Structures are given as C-alpha cells and as structure tokens.
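S.K.: One letter stands for each residue in the lines below.
2 protein chains.
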Amino acid sequence: MKIVTCTAPVNIAVIKYWGKRDEKLILPLNDSISFTLSQDEMCAKTTVAISPNFSEDKFWLNGKEESLENPRIQNCLKEIRRRASKRKMNGFDDEMLNWHIHVCSANNFPTAAGLASSAAGYACLVSALGSVYGVEGDLSVISRQGSGSACRSIYGGLVRWYKGEQTDGSDSFAKTIAPPDHWPNTRVIICIVNAGRKKTPSTEGMRRSVATSSLMEYRVQTSVVNRVNKIMQAINEKDWSMFCDITMADSNEMHAVCQDTFPPCVYMTDTSQAITSLVYQYNEIKMANKEDHHKICYTFDAGPNACLFVPGEVAEEVMNLVVTAFPPKPTQALDEYIRGEKPSNSELSKELTDLIDGDQEAGRLNYVIHTKVGDGPRLLSEPSNHLLNMDTGLPK
Amino acid sequence: MKIVTCTAPVNIAVIKYWGKRDEKLILPLNDSISFTLSQDEMCAKTTVAISPNFSEDKFWLNGKEESLENPRIQNCLKEIRRRASKRKMNGFDDEMLNWHIHVCSANNFPTAAGLASSAAGYACLVSALGSVYGVEGDLSVISRQGSGSACRSIYGGLVRWYKGEQTDGSDSFAKTIAPPDHWPNTRVIICIVNAGRKKTPSTEGMRRSVATSSLMEYRVQTSVVNRVNKIMQAINEKDWSMFCDITMADSNEMHAVCQDTFPPCVYMTDTSQAITSLVYQYNEIKMANKEDHHKICYTFDAGPNACLFVPGEVAEEVMNLVVTAFPPKPTQALDEYIRGEKPSNSELSKELTDLIDGDQEAGRLNYVIHTKVGDGPRLLSEPSNHLLNMDTGLPK
Numbered sequence: 000m001k002i003v004t005c006t007a008p009v010n011i012a013v014i015k016y017w018g019k020r021d022e023k024l025i026l027p028l029n030d031s032i033s034f035t036l037s038q039d040e041m042c043a044k045t046t047v048a049i050s051p052n053f054s055e056d057k058f059w060l061n062g063k064e065e066s067l068e069n070p071r072i073q074n075c076l077k078e079i080r081r082r083a084s085k086r087k088m089n090g091f092d093d094e095m096l097n098w099h100i101h102v103c104s105a106n107n108f109p110t111a112a113g114l115a116s117s118a119a120g121y122a123c124l125v126s127a128l129g130s131v132y133g134v135e136g137d138l139s140v141i142s143r144q145g146s147g148s149a150c151r152s153i154y155g156g157l158v159r160w161y162k163g164e165q166t167d168g169s170d171s172f173a174k175t176i177a178p179p180d181h182w183p184n185t186r187v188i189i190c191i192v193n194a195g196r197k198k199t200p201s202t203e204g205m206r207r208s209v210a211t212s213s214l215m216e217y218r219v220q221t222s223v224v225n226r227v228n229k230i231m232q233a234i235n236e237k238d239w240s241m242f243c244d245i246t247m248a249d250s251n252e253m254h255a256v257c258q259d260t261f262p263p264c265v266y267m268t269d270t271s272q273a274i275t276s277l278v279y280q281y282n283e284i285k286m287a288n289k290e291d292h293h294k295i296c297y298t299f300d301a302g303p304n305a306c307l308f309v310p311g312e313v314a315e316e317v318m319n320l321v322v323t324a325f326p327p328k329p330t331q332a333l334d335e336y337i338r339g340e341k342p343s344n345s346e347l348s349k350e351l352t353d354l355i356d357g358d359q360e361a362g363r364l365n366y367v368i369h370t371k372v373g374d375g376p377r378l379l380s381e382p383s384n385h386l387l388n389m390d391t392g393l394p395k
Numbered sequence: 000m001k002i003v004t005c006t007a008p009v010n011i012a013v014i015k016y017w018g019k020r021d022e023k024l025i026l027p028l029n030d031s032i033s034f035t036l037s038q039d040e041m042c043a044k045t046t047v048a049i050s051p052n053f054s055e056d057k058f059w060l061n062g063k064e065e066s067l068e069n070p071r072i073q074n075c076l077k078e079i080r081r082r083a084s085k086r087k088m089n090g091f092d093d094e095m096l097n098w099h100i101h102v103c104s105a106n107n108f109p110t111a112a113g114l115a116s117s118a119a120g121y122a123c124l125v126s127a128l129g130s131v132y133g134v135e136g137d138l139s140v141i142s143r144q145g146s147g148s149a150c151r152s153i154y155g156g157l158v159r160w161y162k163g164e165q166t167d168g169s170d171s172f173a174k175t176i177a178p179p180d181h182w183p184n185t186r187v188i189i190c191i192v193n194a195g196r197k198k199t200p201s202t203e204g205m206r207r208s209v210a211t212s213s214l215m216e217y218r219v220q221t222s223v224v225n226r227v228n229k230i231m232q233a234i235n236e237k238d239w240s241m242f243c244d245i246t247m248a249d250s251n252e253m254h255a256v257c258q259d260t261f262p263p264c265v266y267m268t269d270t271s272q273a274i275t276s277l278v279y280q281y282n283e284i285k286m287a288n289k290e291d292h293h294k295i296c297y298t299f300d301a302g303p304n305a306c307l308f309v310p311g312e313v314a315e316e317v318m319n320l321v322v323t324a325f326p327p328k329p330t331q332a333l334d335e336y337i338r339g340e341k342p343s344n345s346e347l348s349k350e351l352t353d354l355i356d357g358d359q360e361a362g363r364l365n366y367v368i369h370t371k372v373g374d375g376p377r378l379l380s381e382p383s384n385h386l387l388n389m390d391t392g393l394p395k
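Those protein sequence lines, which keep their order, are chains W and L.
All residue numbers for the first sequence refer to numbering that gives the first Met the number 0, where the first residue is 0 and numbers rise by one.
All residue numbers for the second sequence refer to numbering that gives the first Met the number 0, where the first residue is 0 and numbers rise by one.
Bound conformation, chain W alone (with noise of 0.2 Å):
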C-alpha cells in the first residue's frame, strides 16, 4: 500500500472570479487574484491510499462514504493518472496506475458556513493524488478541473489564476505572485452571518450572469482586466490603501454583476451591507487621521459572509469593533464566538464607539474567524495525521 496525506489551504480572492469560457473544462471569463489563508485555522485535509489489495475505490468526505464516480473528481484522477504515466520516476511502478485508491478527506471547518470549503477540498485531493503517484510540477491546472478556485489553493500568499488563451485550459493556471509576508502580519476576519435566504449555488449564479447580464460582459471585457493591472501595480508597490480599494470595488462589482443577473442571484444580506458601511466609516476616520496603511477592506464570494483583510496594528481594535457592532447572542460564550486570536478586552475609541448605533441586534453573525495569511498545500509524513487505516486502508 501507498498512502499519503495531505493538508490545502482556503483561499479568498480579491479580484473575483465568475463565470466561465468553458464549463467543461473550469476556464474562466477574466484572472483572478487571491490570499491564501493559514491552514491553522481552515483546511482541508485528505488521505489517499492505494494498494494492489483494494477491491474497489472508495472515498469518505467528512465522515460519510459516498461516490468517487463525482465526473469533477473523475477529471482530476484521470489527469493525474494520465501525467504519471507520461513520467518514469524513481521507484514508480506503472502497475500502480490499476490498483484501486481509497480517498478519506475532512474540513476543520463546517462546510455549512458557506466558505469556499470546495476549493480547499480539491487542492488538497489532487495534491495527495499527486504526491501518492509522484507527480511533480504544477498541479494547479489539474485542481482548476475540480473546483475553478482550487487552482488558486494549490499556492501560498498572493495568488494569480491566468485565464489562459487556450482552449484545452494548458495555460489556465496559478501562480503566487507575492509570498504570505509580503504585507507583513495581515490578518483575515471572516464575518459568518446568520442567513435566512436560499443562495444561488455559484456554478448555476455564474452560468446565468453569463447569460443575462450585460454589465457581466463589460466586467469581462473591460473593467476587471483594468482592475488586475491597478491591483498588480498596488501589490508590487505595497500600496495597501489602494489594494483595499480595488478588492472593495471588485467585490462591489461582482456583486452588482448578480444582481444584474436575470433572474437576480443576491448573495448579500441586510446584515453584509451593514458590515460594508462599518468598513468605510472606519476608512473614513483612518483617512482622516493619516493612517491610510491601517485601512481595511472586504470582500464577499457567493454568499452573505464579508471577508475583512486587516493591517495587523488595527487587528484587535476591528475585532473590538466587529464584535460590538455584531454581538453574539446571550447564550453563546465568546470563546463560541471567536474561533482564533481573541482581542483584549481594550475599550473601543469614541470615534469607533460613535459608528455604532447603540442598539444592536444580537445574533446577527453566526461567528467570527480570526485567521492570517498562509502558505500553500503541505505533506504530513508522520504517520498518525493519516485519516486511513495503514493496514485495512480504511478510515481510522
């Protein structure tokens, strides 16, 4: 038997991907730029073993057995079967390309929280699938195929996915384009709010902005390509009051592009666009002080939860603020609350204290994580973090 294991990473991007030049294939309509968030916090993590004994595949997600016959993991073994083949390494044997393969894979997070829980998935599968049949190289064209985003999981820090010209997607893949420290002690707060409403899913929400919306078509053609090269220019050039305005703005966009969307696909609620007005209010009183490096910006994917990006000085007064402007309910313990760094329990200045109502509502996050910006996918060698059975290859 062969088995290894493997942890990704989650990752939020700031120039957004939606929509699709080839549904088949995963190739999108524009690049996308994202961070890629420690794994302390958030990962994936997958187990795949093979072994001339197995009668059959088999795949456990969180706990549960269900196909590997999914076709979007079916692309992502073929391809990885079809390049190991093309290779001869050292101690691979050709033979292993028949033995059946059992996938164990598990979130430290819950998937119901509506974060990107796929893209972290398939980058840790088909790094596994990878590393299992000593595939080398790059591995994000291959996780693209699984879910559009895990390409950009297969990388630490700043992440670009090139949409590619091509029309096999050979040349739709990531790449980082700056390491986790370039913005030294950036802090990530994700904000889960408390939805009420059915969400689009976003295979179906992209499909359907392709469609219907012709400010989709602008985006693609005009805006965002201007976009990544304004966000290029602010990264090369440590310009982190800018790079907020830009991930503010394409998320903006995105968003406007749904709900331009027939029929609409509203991901954000009530409660997000409160969060986005606490965003530029506290912008505001950075500005007017000087401290344009302390501004934070948001960004949200297809759902209702804001990603906070935050200049590690500012972090504990923006979870001060996030949790008094959005308190927890009465029964649930702020340990409940806060998942990652708490803040000290530092009073808020009056200027903060002043944009908040004074009456809020309780409950209106589920809860909110404290994470930072990480690197790529890792191997676990030691053997006890395996999720199968070395000997039955079956889950522990």
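Rather than coming from a laboratory, the hints here were simulated on the basis of the structure.
Just so you know, these numbers come straight off a predicted model, no measurement behind them.
You may find that some hints are simply not true.
To be verified - Sample of chain W residues lacking proximity to chain L, with all beta carbon distances greater than 12 Å (derived): (1) 194; (2) 226; (3) 231; (4) 259; (5) 272; (6) 332; (7) 378; (8) 385.
To be verified - Distance condition first, Cα-Cα at most 25 Å in a straight line; then the derived DSS-like pairs of lysine-lysine: (9) W:285 / L:197; (10) L:77 / L:19; (11) L:285 / L:197; (12) W:349 / L:197; (13) L:285 / W:198; (14) W:285 / L:198; (15) L:289 / L:197.
What the hints assert, rightly or not - If you anchor each label on the Cβ, the simulated ranges turn out as follows: (16) W:225 / L:224: 21 to 29 Å; (17) W:378 / L:224: 35 to 43 Å; (18) W:220 / L:164: 41 to 49 Å.
A virtual CB, placed ideally from N, CA and C, is assigned to each residue, including glycine.
The hints should help you fit chain L onto chain W, whose structure is shown.
M.R.: For chain L alone, coordinates are given in the frame of chain W:
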C-alpha cells in the same frame, strides 16, 4: 388676488433615471420611461395665490411654513415668469409678475413613505404657477428644473423623458407615449417596506455612481439605450410579457450600478429581495400555464419599496399573495394595511400557496397601496378646493 389650485400625480419609472449630465439644469444621462399613477390614491395638491396686497413671498408645505428661497423652487418660478413675460395674453397684466406669491402644498400620502413625493410636488407647483401666470404649452422642461423626474408627472399614461442633446436643456422634455388605458385596467401595487437602513439621498447617490461606477458608463452608453428601444417596441406592440421583463431588467441594472458605486448605495433590503423572488416565482407559474399576458413585474426606486405592475385580471390574486406572504402585524387592521381597493377573501391556489414558506414574519411591510395608472395634473376650479383662504391668502 389671483388664485389657482392643482393636483398632480406620482409617477414610477420603468426605465430608470439614474445620473445627471448637468447638475444645475437637471439634465439626465439617459432617456427614462414611466407610468403616471392615478391621483385617487396619491397626489400632490398645490394652491398658488398672487396679490398686490401680499407683503412677501410665503410657502407652506404639508402644514409647515418653509422658505420659498430654495433654489430649485426659485428656478421654476423664474422660468415661469420669464415665459409669462414673453406672452401678451388676454387679461394678463405684466404688473402681476411683480406681485408677491403665496404657495401652499400638501401630499395626500406620507412623504416619509419613501415614495417620490418631490416629483408630484414640483409637477403640481409648476402646473399651478403656469395656470396663475397664464403660461401655455409644455411645462415639463420647467418642472424638470425642480426635480428631474417631476417632468414625467406633467403627463398621464406612459411617459417618456427625452434626455435631449442641447446644453441649455431645451430639448430635455417629457411626452406621453401611450394613454392611461393603453393596457386597460393595469393595477399598481406598492409595497412600503419597513426599512431600518439609512438611505443615501438619490441626488448624492446618482452623483457618486457617475463619479465612481464603470458599469454606470456602460449602462448609459449602451445597455439602457438598447433597452429604451426594446421597451418602446413592447409598448407599441402591446407585448405585456416583454414589457415586464424589460422593466425588471432595468430596475435590476439600476440597483446593480448602485451596488457598483463606491461606496455602494444599496437601496434594496432583504424584504425587497424577497418580493423580487416572489414575483419571479409567480411569473414562472403563469408561464408554465401559458398565461404570459398575466405576468407581473416589479421596479424599485432609490429606496426599498417595491412597485408592482399587475394586469387587472390577476390584481386580486396578487394582492392576496402579497398580503399572505407579507402579513401585517397582529395589531394592524387590514383596512389600515391596505390603502385602496381591498382583495376579497378568496383563497390562493395551491401552487401560489406553495410559494410561501409558511412561517412568515409579520410587519416586514408597513402597508400596501393598491392603485391604477392615471392622467396628468388637474386644475380644480371649485373654490372649496383651495388650500389658501381667498380673502387672506393664508392657509385655511
């Protein structure tokens, strides 16, 4: 003393006015099209009196004395007097132009409702001024200078406001494009949403959209131009289904531009979005039943209230659906909750009942107005209608 009283209607745009090319003259970036609403449920009423005995200009609005020095009111007044002085009319004495003026104005609907009360108000003021000074011909160019969309309230039925090309605004006027009974018995159902959020005033919102949204540029130059042509065709061909789709698409696009504005000016709330979902689901049922002519549509102005256009044949059904999906608070009588014609207590069909989750939060709407399409401003000749005392020129 010369005294005149007019009423003027509210109008609701189906192709939206959002963005000015000239702030002072109030010239829009694109043509817009609206339905003028019946004055039975909602109108502004204005009495204008001029007299050689008045010692100063006076103005009362909704029972409170205000200054007539508001530049927008002064623009209307100046323009009316300029036009009057150019005409030598029967019985019109140039001396009258120097008399002081008393203006008393009131709406028969709450201004706080977030309905476009200024459109009805300025259309009414300009109609009354035109009448008192004997100005004939088109008054839409003048009322436009009070409040842009007021120019559309000068006419009945379906009205188009041409953006015009001239820098002096002389060709930016409104015109009826179809009479009130073009689609006979069209009903208008306005859902007044209980909104917590502070809203950006529309003048500021427009200015910000023009300055910051790249989608705005595309809307104005491309998509709204196409949509105006398409809706004109739908109106000429009496294609109600197409009219509905274009109306919703333009409302969607305007609010997409608002979302794309930096910072965003978001007017629709979760309740607004819940109404749009209900409309799309209702239309799906009608289309499945091959009743495309019974489709309904929504439009949203710079606020959370939904305005629905509904064929008379299904008005009762839609009223029942709205009131069932958005029930009043138990303390609110149905008579108070519905202004205008009430639906009978007929039961909703099973397929419509199925659209509603079952556990509906009460009080998401403040109330519902049920009204019709109507005609333009009216001159009320009966002295009992005057809001000013005919002897003193003071409010009755």
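S.K.: Quickly compare the C-alpha distance for residue 285 (chain L) and residue 197 (chain L) to 25 Å and report which way the hint goes.
M.R.: 36 Å, violated
S.K.: Residue 349 (chain W) and residue 197 (chain L) were given as a pair; does the straight-line alpha-carbon distance stay at or below 25 Å?
M.R.: Since the Cα atoms of residue 349 (chain W) and residue 197 (chain L) sit roughly 22 Å apart, the hinted pair holds (cutoff 25 Å).
S.K.: If I take the minimum Cβ distance from residue 272 (chain W) to any residue of chain L, is it greater than 12 Å?
M.R.: Given that some Cβ of chain L is not farther than 12 Å from that of residue 272 (chain W), nearest at about 5 Å, it is violated.
S.K.: Is the hinted pair residue 285 (chain W) and residue 197 (chain L) satisfied, with a Cα-Cα distance of at most 25 Å?
M.R.: Distance ~22 Å between residue 285 (chain W) and residue 197 (chain L) Cα, so the pair holds.
S.K.: Checking a non-interface call: every C-beta of chain L should be farther than 12 Å from the C-beta of residue 259 (chain W). Is that right?
M.R.: 4 Å, violated
S.K.: Checking a non-interface call: every C-beta of chain L should be farther than 12 Å from the C-beta of residue 385 (chain W). Is that right?
M.R.: 44 Å, holds
S.K.: State, for the Cβ atoms of residue 225 (chain W) and residue 224 (chain L), whether the hinted interval 21 to 29 Å holds or is violated.
M.R.: 23 Å Cβ-Cβ, so the 21 to 29 Å window holds.
S.K.: Confirm or reject: residue 378 (chain W) is not an interface residue toward chain L, with every Cβ-Cβ distance exceeding 12 Å.
M.R.: 42 Å, holds
S.K.: Take a quick look at residue 226 (chain W) and tell me if its Cβ sits farther than 12 Å from every Cβ on chain L, holds or violated.
M.R.: 9 Å, violated
S.K.: For the pair supplied as a hint, residue 285 (chain W) and residue 198 (chain L), is the alpha-carbon distance within the 25 Å limit?
M.R.: Given that 25 Å is the threshold and the Cα spacing comes to 23 Å, the pair holds.
S.K.: Find the nearest Cβ of chain L to the Cβ of residue 194 (chain W) and say whether that gap is larger than 12 Å.
M.R.: 9 Å, violated
S.K.: Do the beta carbons of residue 220 (chain W) and residue 164 (chain L) sit within 41 to 49 Å of each other?
M.R.: At 28 Å between Cβs, range violated.
Violated hints, in rising order: 1, 2, 4, 5, 11, 15, 17 and 18; the structure is consistent with all others.
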